[in-house]
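There are 2 protein chains.
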Amino acid sequence: MKNPNIVILGAGYGGIMTAVNLQKKLGVNDANITLVNKHSYHYQTTWLHENAAGTLHHDRTRIPIKDVIDTSKINFVQDTVISIDPDAKKVKLEDSELEYDYLVIGLGFEAETFGIEGLKENAFTIQNINSARLIRQHIEYNFAKYNNERDKKQERLNLVVGGAGFTGIEFVGELANRVPELCKEYDIPRENVRIINVEAAPTALPGFDPELVEYAMNSLEARGVEFKIGAMIKEVTPDSLVFEKDEQREEIETNTVVWAAGIRGNPIVENAGFETNRARVKVREDLRVNEYDDVFVVGDCALIINEETDRPFPPTAQIAIQMAEHTAENLKKLVNGDDHLEGFTPHIQGTVASLGNKDAIGVVFDDKKLFGWSATAMKKLIDNRYLMKLGGVSMLLKKGKLNPFG
Amino acid sequence: MKNPNIVILGAGYGGIMTAVNLQKKLGVNDANITLVNKHSYHYQTTWLHENAAGTLHHDRTRIPIKDVIDTSKINFVQDTVISIDPDAKKVKLEDSELEYDYLVIGLGFEAETFGIEGLKENAFTIQNINSARLIRQHIEYNFAKYNNERDKKQERLNLVVGGAGFTGIEFVGELANRVPELCKEYDIPRENVRIINVEAAPTALPGFDPELVEYAMNSLEARGVEFKIGAMIKEVTPDSLVFEKDEQREEIETNTVVWAAGIRGNPIVENAGFETNRARVKVREDLRVNEYDDVFVVGDCALIINEETDRPFPPTAQIAIQMAEHTAENLKKLVNGDDHLEGFTPHIQGTVASLGNKDAIGVVFDDKKLFGWSATAMKKLIDNRYLMKLGGVSMLLKKGKLNPFG
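Sequence order for the protein chains is S and X.
At position 43 of the first sequence the residue is numbered 43 (the working numbering), and the sequence of numbers has no breaks.
At position 232 of the second sequence the residue is numbered 638 (the working numbering), and the sequence of numbers has no breaks.
Keep in mind that the hints were calculated from the coordinates and are not lab data.
Since the structure is predicted, the reported quantities are computational estimates derived from the model, not experimental observations.
We put the CB at the ideal spot given by N, CA and C, even for glycine.
You may find that some hints are simply not true.
Just some of the chain X residues that point at chain S, by a computed CB distance under 10 Å [to be verified]: (1) H445; (2) S446; (3) H464; (4) D465; (5) I535; (6) L540; (7) R542; (8) Q543; (9) H544; (10) E546; (11) Y547; (12) F549; (13) K551; (14) N554; (15) E591; (16) Y592.
Model the full structure from these sequences, guided by the hints.
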């Protein structure tokens, strides 16, 4: 009997954790496992906003795949996925083609721009290592140019972040840390620089406890972040952003718009013919695609509903990791001839948003609120636990944030 | 009797060393001394190429003026010089006006672009702290953009330096050090990056000993620098450079042209009505302007002829410093009522060009040639001697390059 081919697409949280769990659960004689990823490294998407602001180097955020994958057990292919043919059980890559018996789709998100004029062309997104370090350099380049021009251009120093959700808030927090350093580096007075956060919803951090939201906004405003809440972005050009608030249009001169207000799944799952909503696949309880018993989806591309709120769970690292662990267990069953797969239920252990400057807010154990250093310590604990799961103590020591008060 | 007003324009090598020497030679009751400079800091022009390449931070290169000027003896005005009226004995600044009895012009150079099409608009020059750090960031920004574009643009990775004179050679040497670091930072293979040095003369380092020139070119070529010698730049656009060599036109795709092939004096001295050649003032033996007994010129704007070669001395830091020391001595005489000023003769003690990578070439004591580590050590010795003269041991310890082999 031929060993089944298990193909995992993407080495984000979902893909890499599926691979890491499978290499523990299965022996080399149980299955042929192949992990496909565009880059030679995995990265922690939840740290990218720090790389983009320039407060943490991207080499801290990324981890060579060969450091966590046992290549005697798992075949790693560095290539870009072009398309999936679930009827033929094939995946087309840029340079080759793979056949699978079981497929795990762990492809990442893309930005959802809601058709806002000029947004796609002129805004940056915090999406991967390449785009994060581009944002860092783009901001710095504009600071470097500022004093080289006789007519000073304020648009070089106005930094606008679209969205005051999780990523948007964490990013402006890091910017508030970074800007004083940049001002010193380029001889620019701090008061010349604006950090502006534009959010369409009637509150920052929609869905968060109002007390935590107020704490977060106060902390960020004290460090010079301006909020435009209930403000709809209407248009982005190379040197401006227009928003509407209280039926008034306002224009901000800016060369730097970072869009952190909406994400969608991956077009590859749409093109594969699966049933999707914003490119996220409506999966069964066991995370398999409705029409195909041999295709699992983990992470951002999997759409599952929170029955308490009747809304989709947000695409978070926490859920992606749990999906991966769950899927590895189900794959082990299938490989061993057991078709009774377990249904997946996320266990939300906590949600913590950093605010820069060693400050943070969060909720843990359903209803316990955290502020300040305790939230910061909790955030690091969560990140460090992930590194332990991914690569054990050695990975924690290499990439962990080990000073709980630092 | 009223104390004479001595006004010094510019805090480059010439201006700041005039001020430092005057504060030693004159007492507060001898003269009112005012130093005018655009920035609050002096900088070592001879280190700017390292700042521009990104191999040395610009804070190593600049020195707060108040760290070397005794403000109880010298009045420092941070302002930009607009014009000089030598008949009215007045200097117009952006924010005020100064009257002088004696004027020392130490204004810096500007780039000479020889009317080459598009050069002024599209090329960078290594001119001051602002322009140096802009070059550093411009190069890095293009590296950061490279992997974010589906169609890779080679012009982002082709770095072209116009001129293989002293500055051009030193700059490509630093670039050869910096490029491997940038490649690592942005995941770009080193072989994708080109460093191209274009020189119109029939040799690199015109005027240098041919054996030293050959050593320098071999050293740089071994580290990936390409030379186009005898190549006239014809045109620069935002994404290309065209040169002509052996009657063939060749185009290089590039976003980065750094022009290091020609400098001229300051337009302010032309507009003052002095007799000039390329904005350098033809001064008398005692460095005074022909028509005015009360105006001295030191540094890049002073044109003096080398009688051995019947050509102007090049505008170097070494000569500027000697001019400043000499002028301070002559000013002391004038203040003390002695009109018999001394004529100035430069004493060229040596010329050393660094090649990056701890390599260098040079000539000292007229004819002794230096290569490699001995030239590097000599270069540092020269720089360190200057820092001693400028601000004593404490300045040497703060800003010196103290590891002779590092």
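Hints and how they fare:
no. : hint : verdict
1   : H445 : holds (8 Å)
2   : S446 : holds (9 Å)
3   : H464 : holds (9 Å)
4   : D465 : holds (9 Å)
5   : I535 : holds (8 Å)
6   : L540 : holds (5 Å)
7   : R542 : holds (8 Å)
8   : Q543 : holds (4 Å)
9   : H544 : holds (7 Å)
10  : E546 : holds (6 Å)
11  : Y547 : holds (4 Å)
12  : F549 : holds (8 Å)
13  : K551 : holds (6 Å)
14  : N554 : holds (5 Å)
15  : E591 : holds (8 Å)
16  : Y592 : holds (7 Å)
Violation of the numbered hints given earlier is absent; every hint is satisfied by the structure.
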